[in-house]
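Number of protein chains: 6
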Amino acid sequence: MDVGQLADDLIRMALLEDIGRGDLTSEAVIPAGARAQARFLAKSEMRVAGIPVVARVLAQVDTALHCTWEVQDGEDVARGTVLGTVTGPARSLLMAERTALNFFTRLSGVASGTRRAVAELAGTRCRLLDTRKTTPGWRLLEKYAVRLGGALNHRFGLDDMVLIKDNHIAVAGSITAAVERVRSCLSPAHKIEVEVESLAQLEEALAAGADWILLDNMDLAGIRAAVELTAGRVPLEASGNMTLERLRPVAETGIDYVSMGALTHSVRSADISLDVEL
Amino acid sequence: MDVGQLADDLIRMALLEDIGRGDLTSEAVIPAGARAQARFLAKSEMRVAGIPVVARVLAQVDTALHCTWEVQDGEDVARGTVLGTVTGPARSLLMAERTALNFFTRLSGVASGTRRAVAELAGTRCRLLDTRKTTPGWRLLEKYAVRLGGALNHRFGLDDMVLIKDNHIAVAGSITAAVERVRSCLSPAHKIEVEVESLAQLEEALAAGADWILLDNMDLAGIRAAVELTAGRVPLEASGNMTLERLRPVAETGIDYVSMGALTHSVRSADISLDVEL
Amino acid sequence: MDVGQLADDLIRMALLEDIGRGDLTSEAVIPAGARAQARFLAKSEMRVAGIPVVARVLAQVDTALHCTWEVQDGEDVARGTVLGTVTGPARSLLMAERTALNFFTRLSGVASGTRRAVAELAGTRCRLLDTRKTTPGWRLLEKYAVRLGGALNHRFGLDDMVLIKDNHIAVAGSITAAVERVRSCLSPAHKIEVEVESLAQLEEALAAGADWILLDNMDLAGIRAAVELTAGRVPLEASGNMTLERLRPVAETGIDYVSMGALTHSVRSADISLDVEL
Amino acid sequence: MDVGQLADDLIRMALLEDIGRGDLTSEAVIPAGARAQARFLAKSEMRVAGIPVVARVLAQVDTALHCTWEVQDGEDVARGTVLGTVTGPARSLLMAERTALNFFTRLSGVASGTRRAVAELAGTRCRLLDTRKTTPGWRLLEKYAVRLGGALNHRFGLDDMVLIKDNHIAVAGSITAAVERVRSCLSPAHKIEVEVESLAQLEEALAAGADWILLDNMDLAGIRAAVELTAGRVPLEASGNMTLERLRPVAETGIDYVSMGALTHSVRSADISLDVEL
Amino acid sequence: MDVGQLADDLIRMALLEDIGRGDLTSEAVIPAGARAQARFLAKSEMRVAGIPVVARVLAQVDTALHCTWEVQDGEDVARGTVLGTVTGPARSLLMAERTALNFFTRLSGVASGTRRAVAELAGTRCRLLDTRKTTPGWRLLEKYAVRLGGALNHRFGLDDMVLIKDNHIAVAGSITAAVERVRSCLSPAHKIEVEVESLAQLEEALAAGADWILLDNMDLAGIRAAVELTAGRVPLEASGNMTLERLRPVAETGIDYVSMGALTHSVRSADISLDVEL
Amino acid sequence: MDVGQLADDLIRMALLEDIGRGDLTSEAVIPAGARAQARFLAKSEMRVAGIPVVARVLAQVDTALHCTWEVQDGEDVARGTVLGTVTGPARSLLMAERTALNFFTRLSGVASGTRRAVAELAGTRCRLLDTRKTTPGWRLLEKYAVRLGGALNHRFGLDDMVLIKDNHIAVAGSITAAVERVRSCLSPAHKIEVEVESLAQLEEALAAGADWILLDNMDLAGIRAAVELTAGRVPLEASGNMTLERLRPVAETGIDYVSMGALTHSVRSADISLDVEL
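Residue numbers (my numbering), protein chains in the order written: chain A, 1 to 278; chain B, 1 to 278; chain C, 1 to 278; chain D, 1 to 278; chain E, 1 to 278; chain F, 1 to 278.
For reference, chain A alone in the conformation it holds in the complex:
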């Protein structure tokens, strides 16, 4: 059950929305027995992501489509690189083309954009994280591409760790009370992160035994002070409208992690074509 299989439902949904009741043009023009060969071609430099997904797209359309890959997910390739070759029934290949490319270009776009962001942090000890601001239906795939881009995944959903935010604190009465409520009904299976907006809150979170602390929308001075105050006792994460330009100054405060929603919510697709020869 690789990432391609785990995306099987989304892939089927995608194929059906593109193919609908069939490919009118190819069924009219391409003879049933015709075969074709096609090459996935990188039309700009990029970090490749999505090969297992593309493989499942092709397999779902027609198990007679055979694929050989020249590169692997996570590789950086130059413009003009042939990524792989598909051969098989021509109609099936044309049916799969657009859906395969739509997955491939988006995932390689996420990985390539992430790589650019990661490069901003070079030489610092700060690591880049993604967020839950992913395209609905794509959480798993986009987080996979983020990893290929060299960043780490923050939590996958509401169920794999605890993140205590302002609303939770307001209801519980205090950070201390919120952390205690969580402790009383959860085993040690899940990390507890607390979101803080001030140094006072940071101190309270540290005292309450938070495993991890998120500095929400702090400026550079605030982040620097927080790093100093924490002194390595728990990891710190800076978050909030992070841009490529802000990444390096933030990282240079000594913070452990910075998270960035744009890695997945504002993606520029990579440019990949499928050149078919019938």
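Rather than coming from a laboratory, the hints here were simulated on the basis of the structure. Being a predicted model, the structure only gives us computed values, none of them experimental. Positions of the beta carbon are idealized from the N, C-alpha and C atoms, including for glycine. One should not assume that every hint holds.
To be verified - Ranges between beta-carbon positions, derived for each pair:
#, chain 1, residue 1, chain 2, residue 2, range
1, F, H66, E, E203, 54 to 62 Å
2, A, D216, F, A64, 57 to 65 Å
3, F, S184, A, R248, 21 to 29 Å
4, C, R35, F, T243, 33 to 41 Å
5, C, D8, A, D76, 23 to 31 Å
6, A, T243, B, P249, 52 to 60 Å
7, B, G74, C, A119, 47 to 55 Å
8, F, T243, E, A170, 44 to 52 Å
9, F, A64, A, C185, 33 to 41 Å
10, C, R35, F, E245, 22 to 30 Å
11, F, L220, A, D216, 42 to 50 Å
Given chain A, put chains B, C, D, E and F in place with the hints provided.
Relative to chain A, chains B, C, D, E and F alone:
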């Protein structure tokens, strides 16, 4: 069956990928009976898109979540506008928050980006079209947002019209032969568009009786010549790596339509928050 | 993704409704390891339709069932013709038998009935169309069988072309207004057909630029007059309670198309048996 | 969970195949807020069947569509009878129209055809049965309509009773051996019917303790002899290419049941229209 | 479509609930190309059940996992027996491990527990039946394991036989009336069992022609009297809070069947491990 | 999206497997319009669990079934307690009865069994955990019932925390290496637990910075030594074939957590009836 209902499967998939086995934090901290109110707030100016989808997200999480909207899909709003208000069980509201926003920001992002592109064509007779380069699983939703942005939808899939491309022409032997094959097995229910790369092909497509002709990657001079040659007999569409900058000069050639993949494949999310008050 | 794959969900639903919790009789009587061979036999003359569907039925039950076909979809066969042979595990074959036959006989019934109707039009320039009066769940399959029977498919659904009917005209105020509304919000991707009930409406539809016009329930004289008035400017379609007997006189008016709901809503199954030898 | 709910998956499949990505015409022409009223009208005399299914179709499209019924399933109505009235959003009503009618006309067609066949048996003690020759996906619905037509349902699938046929007998070696195998691994929960082709087989089946015996393709003399031989010890069923014409003579042999595949495999749709007033 | 295939939906649901978004540990620690071998080991004596289900679990995770079995479903094995061996990609094997074992241990637990209960009846003519008190989602699988344990299956659901209980009798007015209502609307396809609480009811049920009679919560004396009164005319079943200890005395009354809900509602899992060698 | 909604797919699967093609008996005997009332009755003392699930079962069968509850999930009730009352259409109530009870009795069985185990730990600081040895398809529901029983949930799946076991250690070469590999590719979002079999491994795990350590199958002396060695630096968990009898002595070693698979893999159903009055 509005656009929200037609997206029910994607919405359910999205909720399950975010909620997983439940919201650890809220279940621990928020009392079961607590109620909350929240406001969707536009944090930058935008064209709003996605209200019926957000409504379905909320309804799928909890039919006790009630929503009142201050704006409608397709409206332009200033930064700071309250888009709508949700009230209901606090846990349900927090569970739905991220998924609702992920739909809302992406769709409003598509509509807003489309509006910017449409503005480039102001004063010309050229209309903007989208493509099939949509996010897999999102074809219907993104094409809906494109319409709200003021552009028109090109075909929805391989099954609602005929588009004869280079590969089809190569197999059939000629444009004329390809069009004839299509005619012989299809009723008049579907339009026939032909993709051409030269004026010679354009002339052949016109003679073959194409309903609509796509000029693939032609330069401005080529497009101008094609417009002149066609003289309004059928609609012409210019396509190929269209950018915001190129839109106006292309439109000024007198072409009828221009299509642009970036409307859906490279989207910048709109900035919307959900401010919860427990 | 041939027609069989596109019907996978319906096939699975059909198998589960017939097999339920298992084949009580065969599991009791047939040893687990027993193998069988069986022949699909045409018990009357027919046009064959449904082989890719039957193949998927067998594959879904057991990938160890192997099939060789003596004929192809669309072929006319005499009574007594062996259509194909299946070999494999006996229990699986008996489990698949009824569902495979229920698909095969209905689809061949549609194709054979369509062929009979098409024969009525021999020597005229009129072509036969189907309608949306298909068996719910079977749209794709029945339209496939109609094509095999020699007719053409009218639209597949509400989304692949525009058909302006009396209710739309009433709301819009006039045919002209209705066509204009459609034009203003749709790209040239979709054909616009207008349903008319009189020559006056026909003239208005022609003037409004309809791509295609449907004459609703007109008598022969009316159809003849419409053909004359239109003079080939756009295709004309005659529709409404069409019977085998009416087809030829209608066709001889010179009309381009005639559509007939009975092709799919009132079907006589073809007679096919599966003769099993254990 | 009435018959409409049990058909929910088929109904959704049917709606999606008709509506696809939306109703191009109505969305262009009918204002979003427009309301409509419509009447289901019987255009020939018929026995009505399918109201709970039609109700689910309407509810799945839009819960704001309200329905009042003038008749009940199983009622006989004259031509021109108003069956029910629907009011609600006009676009939703037009979206649901074709799918609702396709269910309604087929099911009423099955019930009406069954009623005609049942009438042939009037005055005899013979009762009419259906078979498993149903439209794939429609087993439950068609058997429901058969009951409304006045016939009884034979088994629903391979899992609710045992039917020992020639192949089972061949493998087991004899009817006696086959019945014994079944007895040894099944509780008394399920009836055992045996299919016989001769009086000798009938005697063996009676001796083996079959609960019910099917006479396969016997002529009238054979059936008469079988009835006499059995002398009421178990119910007898006559089967095999039964036509309307053969029903009465077969029934007059004194046989208990006759089964007829054409009730569900060769159906003439009833004629029902939905007259919409916007 | 063996029992494993019929459980495909449950298996997929089970895999997704265990794997979720992926196996964090193995993806971090086990190299992508690593292979492993593993042995299913019986850690106590048991009757084996579930091999086709385990095979489907492995196939759904990765078709590259190959399995060879040393035993068959229904075999009794001693503690320490190697049941089978799996080889293939190490990550896939670790992903499938827990789900495969959870199915295997529960089903073997049901079969082993059933075998123990069946042993209590040794030497009597009484046979053991299961009930509908199965784990929701597991009806088919648990009834399969019950058969492997040596008992017979009572009805599978509400639809394969008739069981007239106290509520039905109350509504109908009497057992006689209830049986008559059933007879008038059902063909002979389904058995009619009547639940009785007294000898008077038993006599009425016999007179009404019930096929099978259930003695509800009768004591031993009552059961003995019922057996005597019935004198073999129809099968009798004793039911109601049956325990291992009560089985033999009940069986020795001469009753034909005894049914026991605990076979499936209160199961002790068998102890099976999967010993992986990387 | 409470626990009932999250189980909607399992509930639908369960209803369909019990109801199949309909309730033969009730449809024959109970008039369509009949109404009924019924009480859920605890037939032994128990801790109640499953009310939101039972509510969804009833709602899926018929939204006209209304339910009022006298108790809440997590309450302890005496034998004879009325848990709640359902009123509505009689057929619907009888259709839902068995499935509702099968969920209710199993979940209350899990909660009641867990409560008994938790009681063994009274007065110690040790807390009880469940495992991943749950019934396939029931992970979420059984873990919910475990919480109601007073224990805590260990991880939900392979994706919400890291658990490094012997196989991972073998591949990585050492505990230290395995922990490092995990650290290098995961953010701090997920806890890292290490399974150890000796004090030497325990020391290595502590040095490697494990968040949590599982003592696998250690005897009491070993556990005591581990507790002493660890001295509260990280939580310790004892695991391996835990029985009710062993719980207290293990807890008295001073260990923090003990986990027990039997809470979910070997459950005795609670005894609940639904007494229907028509």
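Hints, verified against the model:
1. Between H66 of chain F and E203 of chain E the beta carbons are some 40 Å apart, a value that contradicts the proposed interval 54 to 62 Å.
2. The beta-carbon spacing between D216 of chain A and A64 of chain F, approximately 48 Å, falls outside the hinted interval of 57 to 65 Å.
3. Separated by about 22 Å at the C-beta atoms, S184 of chain F and R248 of chain A satisfy the suggested range of 21 to 29 Å.
4. The beta-carbon spacing between R35 of chain C and T243 of chain F, approximately 49 Å, falls outside the hinted interval of 33 to 41 Å.
5. Distance hint check for D8 of chain C and D76 of chain A: the Cβ-Cβ separation is about 39 Å, which falls outside the suggested range of 23 to 31 Å.
6. Between T243 of chain A and P249 of chain B the beta carbons are some 31 Å apart, a value that contradicts the proposed interval 52 to 60 Å.
7. Separated by about 52 Å at the C-beta atoms, G74 of chain B and A119 of chain C satisfy the suggested range of 47 to 55 Å.
8. Taking 44 to 52 Å as the suggested C-beta distance range, the pair T243 of chain F and A170 of chain E conforms, at roughly 46 Å.
9. At about 36 Å, the CB distance of A64 of chain F to C185 of chain A agrees with the hint of 33 to 41 Å.
10. In this structure the hint that R35 of chain C and E245 of chain F lie 22 to 30 Å apart at CB is violated, the actual value being about 53 Å.
11. Between L220 of chain F and D216 of chain A the beta carbons are some 47 Å apart, a value that agrees with the proposed interval 42 to 50 Å.
Hints 1, 2, 4, 5, 6 and 10 from the list above are not met by this structure, while the remaining hints are.
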